[in-house]
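Chemist: Now for the letters of each chain:
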Amino acid sequence: MSGFAQNTFNGLVSGAFYALLALGLAVIFGMLRVVNFAHGAFYMLGAFGAYVLLTEAGVPFWAALVIMPVGLGLLGMALERAVIHRLTRLDPLYNFLLTFGLTLILQDLVKLRYGVQSSPYATPSLLSGTVNFGLFDFPTYRVFILGFAVLLCVAVWWVLTRTRIGMVVRAATERPDLTRAFGIDVGRWVTPVFGFGIGLAGLAGVLAAPMRAVNPLMGADLIIVVFAVVVIGGLGSIFGSVAAGFGIGLVQAWGEAYLSNFPIVSQTIVFVVMAVVLLWRPAGLFGREEAPA
Amino acid sequence: MLRIENLSAWYGEAQVLRDVSLEVAAGEVVTLVGRNGAGKSTLLRCVMGLHPGQRGTVELDGRDVGKLPAHKRARLGLGWVPDDRGSYATLTVTENLTLPPTVGPDPWSLERVYEAFPALYTRRDSAATMLSGGEQQMLALARVLRMGARLLLCDEPTEGLSPLLVQQVGDLLREAKRHGVTVLLVEQNLHFATGVADRHYLLAEGRVAEAMDNSEVRSRERELLAYLGI
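Those protein sequences? They're chains A and B, same order as listed.
Going by numbering that gives the first Met the number 0, the first sequence opens with residue 0, and the numbers climb by one from there.
Going by numbering that gives the first Met the number 0, the second sequence opens with residue 0, and the numbers climb by one from there.
Because the hints were derived from the structure by calculation, they are not lab data.
In this text the structure is predicted, and so the values were computed from the model without any measurement.
Glycine included, every Cβ here is placed at the ideal spot set by N, Cα and C.
Heads up, some of the hints might be wrong.
Not the full set, but computed from the structure, chain A residues with beta-carbon under 7 Å of chain B [as the list claims (entries may be wrong)]:
hint: 1; residue: ASP107
hint: 2; residue: MET166
hint: 3; residue: ARG169
hint: 4; residue: PRO175
hint: 5; residue: ASP176
hint: 6; residue: LEU177
hint: 7; residue: ALA180
hint: 8; residue: ILE183
hint: 9; residue: ASP184
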C-alpha cells in the first residue's frame, strides 16, 4: 500500500511538469493555431538559465523562479513578433520547420557553451528533507512542485474562466474572426499569450532543475510525451491539457511500477493510451472538432 | 448611413460580387434577397471587413471604412448577426452577451435583455451552444442590441425558425427600427421581408439585379418565389 502511494505521488509530480508544459502549448495553439515544437527547448532554457544564474552569478533558486519565466516570456514575445506571427498565413509545414529549427538552434547554442554533460543543481535548502504524511515520507521539494503546479493551474483556470481577459482569450481561441467582428482586437492578445505560454515552459524548467539532470537535451526527451498529453487532452483544450498531464503522469508511474516485467508495455504505455483515445475520440478527450471560422 | 459602390469580391479565382452599388439610409431596414450563392452573405462579410478578397468602396456615415479591420468597424457601430448565429461554446450565455464592448449611444442593459428574453435569463450560466436554435438566434440579436450597434448586419435570422419565433424576430427588428437602428438583412422569406423592411435589393449572380419596394415585392411575389426556387 505504501508502495502504491509512493508511485501515485511520483506520477502526480511528473504529471505536474506535463500539465504545465501542455497548458502552455494549449493556450498558444488556441490563440495562434501554432504548434510550438520549440516548447521543450524553452523548458530546457528555464532549467539551464537557473543553473547558469546560480553558478555564475550566485542568484538563488527563488530569484530564478521569477527571473527565468519573465525573461523567457519576453524572449518568446520578441520571437513571436519577429518570426512566429508570419506562420499564420503559411502552410502548417512551415510551423513545423520554424519551431523545430528554433529547437535545434537553442539546443546547439547551449551545447556550444556548456557541452552535453548533465549539471547538478542543488535543491534549495528551505525545501530539502522530507515531509511525513503519517505512513509515508515524501521529499519536500516534490511536495512543493506538486502544490505549486496545482496552484498555478488553478490560477490560470481562474483567470480564463472568471476574468474579462480570460473571456476574450476563450472567445478569440474558439472563433477568431467572429470575435474581431464583435469589436475585439484579437491581434493585440496574440503576443502576450505566446509569451505567457513560453514563460510557463521556462517556469517548469526552473522547477525541474533540482530534480532532473540539467542538460541541453532535457526538453527534447520530455516534449515527446508532452505532445502525446496534448493530443490525448484535445489540442487547444486548456482543461484537457491539465487533466491529461496529471493522468499521463499517473499512467506512466503505475506502468513503470507494476508492468516492469514487461518493459515493452511500460515504455510505450503513453502512446498506447494515445492511440486508444484517438480511436475512440479523434479530437481528444476534451477537444472539440474544429468549428468553422 | 451605409454606401457601397462598385464592390467586387472573390473566393480565390471565383468572382462572387460584381460591381455592386447600394445604399442604406439611417433608420431604414433593407433586405438583400437572392438565390443561394448570389453573393448575399459575402456582401455582408465585405461590409463587416471579414472578407479578404474585395475591391470597391464601403462607406459608413460618409467615411471610407474599406481599409479598417473588422474590430474597428464594429466599434463604429456595426452589429454582426452571422448566419450560423455565432454562439460561443466556451462562453456562457451572459458572457456571449457581454463579450462585445458597447459601441453605440443606446445600448441595451443586460437587465433589459433578460427582461425581453426570459428564456435566456433562465439559461444564463449555460454554454450558449446548449440553447435551442431559436434561443441562439435570439441570443445573436440580443447581443448586437446590447452592443448598441447602429447598423445591424443580419444574415438570415429567420432561417430554420418556427413561425412563432420568426414573428418574434420581426417584432424585435421593428422595435430596433423604432429606436433608430438601421438594418441590412439577408432574407429568403419574402413575407417576413415585406413585413419588416422598407426596401429590397434582388441580387443575382453577384450583381444588383433590381431594387424594389414592398408593394412591388408583394405584387410580384409569385414570380420572385419561382425565381428564388422556394
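Chemist: Looking back at the numbered hints, which does the structure fail to meet, lowest number first?
Modeler: 1 and 4
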